[in-house]
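**Q** As a plain string of letters, each chain reads:
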Amino acid sequence: MWPTSRGSGSARVALAVVVTLASLARARSVAAQSVTFTRDIAPILHARCAACHHDGGSAPFPLITYAQVRQHAEQIVDVTQRRYMPPWKPEPAGSGTFVGSNRLSEAELSTIQRWVTAGAPEGDGAALPPPPIAAGWQLGKPDLIVTPAEGFTLGPDGTDVFRIFVIPLPTSALRYVKGLEFHPGNLRVVHHANIRIDATRTSRQFDDADPAPGYDGLIAHTAVYPDGHFLGWTPGQVPPLLPKGLAWRLEPDTDLVIELHLQPSGKPEPVKPEIGLYFGADPPERTPTMLRLGKQDIDIPAGAAAHTIRDAFVLPVDATLHAVQPHAHQRARRVRATATLPGGQVIPVIEIADWDFRWQDVYRYATPLALPKGTRLDMAITYDNSAANPRNPWNPPRRVFWGQRSADEMGDVWFQVLTHDDRDRDVLLAGFRPKILTEDTFGYEREIGREPRTASLRDSAAMLYLELGNVAKALEHFAASATLQPESAAAHFNLGTALSLNGRFDEAIAELRRALALRPDYGQAHNNLGSLYRQRGDLPAARHHFGEAVRVDPANAEAHRNLALLSRDGGDLPAALAHYRAALAARPEWAPAMTDLAWVLATSGNPALRDAGEAIRLAERSHQLTGGRDPGVMDVLAAAYASAGDFARAAATAETALQLAGGGPAGDAIRVRLELYRQRRPFVGR
Amino acid sequence: MTAHTRVVGRCILFIGLTCLAPAAGRAAEAVRVQSLDGAPVDPLQLPAGVKAAVYVFVSVECPVSNRYAPEVRRLHERFAAQGVRFTLVYPNPAETPAAIREHLKAYAYPVDAVRDLTHALVKHADISITPEVAVFTHAGQLAYRGRIDDRYVNLGLERPAATTHDLADALTQVLAGTPVRQPRTQAVGCYVADFAR
Numbered sequence: 001m002w003p004t005s006r007g008s009g010s011a012r013v014a015l016a017v018v019v020t021l022a023s024l025a026r027a028r029s030v031a032a033q034s035v036t037f038t039r040d041i042a043p044i045l046h047a048r049c050a051a052c053h054h055d056g057g058s059a060p061f062p063l064i065t066y067a068q069v070r071q072h073a074e075q076i077v078d079v080t081q082r083r084y085m086p087p088w089k090p091e092p093a094g095s096g097t098f099v100g101s102n103r104l105s106e107a108e109l110s111t112i113q114r115w116v117t118a119g120a121p122e123g124d125g126a127a128l129p130p131p132p133i134a135a136g137w138q139l140g141k142p143d144l145i146v147t148p149a150e151g152f153t154l155g156p157d158g159t160d161v162f163r164i165f166v167i168p169l170p171t172s173a174l175r176y177v178k179g180l181e182f183h184p185g186n187l188r189v190v191h192h193a194n195i196r197i198d199a200t201r202t203s204r205q206f207d208d209a210d211p212a213p214g215y216d217g218l219i220a221h222t223a224v225y226p227d228g229h230f231l232g233w234t235p236g237q238v239p240p241l242l243p244k245g246l247a248w249r250l251e252p253d254t255d256l257v258i259e260l261h262l263q264p265s266g267k268p269e270p271v272k273p274e275i276g277l278y279f280g281a282d283p284p285e286r287t288p289t290m291l292r293l294g295k296q297d298i299d300i301p302a303g304a305a306a307h308t309i310r311d312a313f314v315l316p317v318d319a320t321l322h323a324v325q326p327h328a329h330q331r332a333r334r335v336r337a338t339a340t341l342p343g344g345q346v347i348p349v350i351e352i353a354d355w356d357f358r359w360q361d362v363y364r365y366a367t368p369l370a371l372p373k374g375t376r377l378d379m380a381i382t383y384d385n386s387a388a389n390p391r392n393p394w395n396p397p398r399r400v401f402w403g404q405r406s407a408d409e410m411g412d413v414w415f416q417v418l419t420h421d422d423r424d425r426d427v428l429l430a431g432f433r434p435k436i437l438t439e440d441t442f443g444y445e446r447e448i449g450r451e452p453r454t455a456s457l458r459d460s461a462a463m464l465y466l467e468l469g470n471v472a473k474a475l476e477h478f479a480a481s482a483t484l485q486p487e488s489a490a491a492h493f494n495l496g497t498a499l500s501l502n503g504r505f506d507e508a509i510a511e512l513r514r515a516l517a518l519r520p521d522y523g524q525a526h527n528n529l530g531s532l533y534r535q536r537g538d539l540p541a542a543r544h545h546f547g548e549a550v551r552v553d554p555a556n557a558e559a560h561r562n563l564a565l566l567s568r569d570g571g572d573l574p575a576a577l578a579h580y581r582a583a584l585a586a587r588p589e590w591a592p593a594m595t596d597l598a599w600v601l602a603t604s605g606n607p608a609l610r611d612a613g614e615a616i617r618l619a620e621r622s623h624q625l626t627g628g629r630d631p632g633v634m635d636v637l638a639a640a641y642a643s644a645g646d647f648a649r650a651a652a653t654a655e656t657a658l659q660l661a662g663g664g665p666a667g668d669a670i671r672v673r674l675e676l677y678r679q680r681r682p683f684v685g686r
Numbered sequence: 001m002t003a004h005t006r007v008v009g010r011c012i013l014f015i016g017l018t019c020l021a022p023a024a025g026r027a028a029e030a031v032r033v034q035s036l037d038g039a040p041v042d043p044l045q046l047p048a049g050v051k052a053a054v055y056v057f058v059s060v061e062c063p064v065s066n067r068y069a070p071e072v073r074r075l076h077e078r079f080a081a082q083g084v085r086f087t088l089v090y091p092n093p094a095e096t097p098a099a100i101r102e103h104l105k106a107y108a109y110p111v112d113a114v115r116d117l118t119h120a121l122v123k124h125a126d127i128s129i130t131p132e133v134a135v136f137t138h139a140g141q142l143a144y145r146g147r148i149d150d151r152y153v154n155l156g157l158e159r160p161a162a163t164t165h166d167l168a169d170a171l172t173q174v175l176a177g178t179p180v181r182q183p184r185t186q187a188v189g190c191y192v193a194d195f196a197r
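Just so you know, the protein sequences line up as chains W and Z, in that order. Take the first sequence: its position 196, counting from 1, is numbered 196 in the numbering used here, and each next residue is one higher. Take the second sequence: its position 141, counting from 1, is numbered 141 in the numbering used here, and each next residue is one higher.
In case anyone wonders, no lab produced these hints; they're calculated from the structure. One or more hints might be untrue.
Restraint-style ranges between C-beta atoms, simulated for each label pair [stated by the list, open to error]:
| hint | chain 1 | residue 1 | chain 2 | residue 2 | range |
| --- | --- | --- | --- | --- | --- |
| 1 | W | R399 | Z | G177 | 42 to 48 Å |
| 2 | W | P316 | Z | R74 | 39 to 45 Å |
| 3 | Z | R74 | W | K435 | 25 to 31 Å |
| 4 | W | E451 | Z | G49 | 22 to 28 Å |
| 5 | Z | A81 | W | R358 | 47 to 53 Å |
| 6 | W | G155 | Z | P97 | 44 to 50 Å |
| 7 | W | G155 | Z | G177 | 48 to 54 Å |
| 8 | Z | P40 | W | G155 | 35 to 41 Å |
Where is the CB? At the ideal position from N, CA and C, for every residue including glycine.
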């Protein structure tokens, strides 16, 4: 670079002469070592740069041949010395290598520097190694290629643009996805892509509300990483195909959601990405878990030059760490994550000393890190919200809160971990879900404070509170949503359902009736209203509404099961069996209906209705589906064994059920039956 | 091209001397650039009525240079009526007139373009980067040389919006007949030195 030569004055002249003499001396010594493009530089550039810097690649110019590279030689020295290129942000941490690590070694940096100082000689051009780049799909021919129905035109001017596209996936059966390759369609302007899966219609509704192709806004809460797998694209990175047994499930009628980070080029640019999906025959054997550590109550004072947020989580089970992805916006400067083992040893997970929100990769460990039970994961992100941070979106700086828009701030580190089995995964999630849901509610409350009249934010927040068991807060937001959209049947349905969970049955009935007045064929409203009437003892009204629910939707498994319960309680076991079978026809692997049906088949007082074989088959499957830990299901399984005369297994199963159930009335009932099995007698009900 | 490379190679070694050579030291030499048709053009000879000339050094494949196209159009629109003439200068000899014409069209530049094959104007104005600008007064004096604005702090480090508008400020001061307060600034972008290899 030339800056030392800028300006005038004798001091500068003297300095320049010294530099010149030093350069000459260096040039002579290097010339002796004869660094050449062909032998020394091409192998470095081809390995480190060519993934993007090839003809048609995502970088602005190719760096394959001597003619191409010499036109950028000075610049290559500058950007590599500053480590702007190749864009590899993690510091060498010592916790293992990341797949695709692209950090230049000191020796490589020095070789490039020496080559340019020596005048950038070519060497033997005929010996140039062949360029390493294959055109087209890097993972092979995809099984399915999708693209947005319409392309988008990016304007010529301004700073970063974020645009979200929703692509319905035309799959008619369950697929196991082992890979996804993203082609940006316009390499000049597509800087990176966040990719999610939405099994609901929420993202599509956002898209429909924006008249131009795609939409401008936020990724919906319902658009998620599938089965604990990262999806996304950054230049030069192609995520490898997933190993056998680790595919993710793609249900039919699912939407692919793609958020493109676009940088205007100076002229209007068409943007139409392509996504290739790779399917495998093997279902997943294990499912990874995403642990997102971070804060949503971020509040950084204007001018704060080093504001740090921290979060931590202690693993309740053994796990292995497979990948990590930090996420923050423009004020973040430094990201750190560590794992503190139970013995106290601190393992650096990732450190990014010069955070740049434009280079947000997923970092995958070449060898997963073993994290024993009791390991504490820590994250810390430090922000510079002062005027000295050129990336600060506000000048002069302003106080900033959490938010998904790029002028707000975020601060998360995602850890992708794998447990020994699904049972451990359940334990992990049981410990982790409340933590992340609580953090999410902070974010939603912040968004709602900003947009108090956006009903969808209220609905999403209410659902989080329901899952957290905070029915009062859920009610508050569902009530606000119903007030904001009095003509929405769904809003009144949600409010009614939450009221019933809170024991406010009269108000719940009134809200569900409002929902049905707005939409008479609202099957779930009929079903829930039926349940309320059943709870109040108004069985004819209950039967009427359950009947309406299956009339408008014969595949409403819940309503069939409710009709079965009414029939069973009324002593009409043949009708109960018919409704259980209808429920299972609509939803074949639904454990509650399987368990109920097994109970009737195992314990009916009418021997003509009993079928011990089918009862065992159903109860065993339900036992499997519920992870082998549900005492209610095991009680039914024990009764099924006893019905078949297998009292030893019945007693053993009932004993385990009793241990899991502990005390209380449920335990008492199991204890009574256990006594019967020990006396080699089955349990017979009505 | 080979001979040229050697000359510039030496220029790199004498980095300080070459670039410290003040514009005044070369003022006596005729500075010539080429029109896209190949005709020699004296960039310092301004027609009557042109109060100042802005030379915007650009290159076809430099992303930073290209991202400034809308800002150059805006400045042209703002200052052309006040007697400021904008000209694009393409200092990369590898960029052909056909490629330049295509570039002008793609980025909707409403101004003339010249090629600086020998880097005569590059040296005269001490230009090292694309995009970088040189502002000459009607009398042919270099009044400002450097960045268009401060949006780019470094390659890869960009402000959401510029906070100082160096070229616009310089033009305002030249038109007002006052000295330019910040006559030299550091531009950010691609290296002109590399184009000579």
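**Q** State for each hint whether it applies.
**A** Results for each hint:
1. At roughly 44 Å, the beta carbons of W/R399 and Z/G177 sit within the given window of 42 to 48 Å.
2. For the pair W/P316 and Z/R74, the beta carbons lie near 59 Å from each other, so the given range of 39 to 45 Å is not met.
3. Separated by about 50 Å at the C-beta atoms, Z/R74 and W/K435 break the suggested range of 25 to 31 Å.
4. Look at W/E451 against Z/G49: about 55 Å separates their beta carbons, and that is not inside 22 to 28 Å.
5. For Z/A81 and W/R358, the hinted distance range of 47 to 53 Å is not satisfied, since their beta carbons lie about 38 Å from each other.
6. At about 29 Å, the CB distance of W/G155 to Z/P97 disagrees with the hint of 44 to 50 Å.
7. Checked against the hint of 48 to 54 Å, the pair W/G155 and Z/G177 fails, with Cβ atoms roughly 38 Å apart.
8. Take Z/P40 and W/G155: their Cβ atoms lie about 38 Å apart, and the range 35 to 41 Å holds.
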